[in-house]
Structure formats: structure tokens, C-alpha cells
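Start from the sequences and build out the full structure, keeping to the hints where you can.
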Amino acid sequence: VCQDTLIPEVFTLARFSRIADGPDEVHMSQLGKLTARELNG
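Under my numbering, the residues of the sequence shown are numbered 1000 to 1040, in order.
The hints are simulated quantities; they were obtained by calculation from the structure and are not laboratory data.
Hints should not be assumed to be uniformly reliable.
Stated by the list, open to error - Label-pair ranges, simulated between beta-carbon atoms: (1) 1009 - 1029: 27 to 33 Å; (2) 1038 - 1005: 45 to 51 Å; (3) 1038 - 1008: 43 to 49 Å; (4) 1030 - 1006: 46 to 52 Å; (5) 1003 - 1040: 39 to 45 Å.
Glycine included, each C-beta is placed from N, C-alpha and C at the ideal position.
What follows is the structure in C-alpha cells.
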């Protein structure tokens, strides 16, 4: 992809955003599992 457009920059930012957002999704998933365990027993 050439550097003449904003597309390469957008793809680069998207990759970093996925890396940065990943742990939040993992933590929310774990929090949901723990909450479900507490509510079930």
C-alpha cells in the first residue's frame, strides 16, 4: 500500500487499537465469569 493516502495510517492505528483494547476485553470476560459463578452458587 502506498503512502500517498491515509489508508496505511488508518490500518496502522487500527492494529494498535486492537492491541490496546485486547486486555480490556479479556478482563471483562473474566469479570463476567466470576460474576456468573457468584450468582449461581
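Do the hints match the structure? See the list:
Residue 1009 and residue 1029 have their C-beta atoms about 31 Å apart, which keeps the hinted 27 to 33 Å range intact. Residue 1038 and residue 1005 have their C-beta atoms about 46 Å apart, which keeps the hinted 45 to 51 Å range intact. For residue 1038 and residue 1008, the Cβ-Cβ distance of about 45 Å falls inside the hinted range of 43 to 49 Å, so the restraint holds. Remark: the range hint 46 to 52 Å for residue 1030 to residue 1006 is contradicted by a beta-carbon distance near 36 Å.
At roughly 60 Å, the beta carbons of residue 1003 and residue 1040 sit outside the given window of 39 to 45 Å.
Of the hints listed earlier, those the structure fails to meet are numbers 4 and 5, in rising order.
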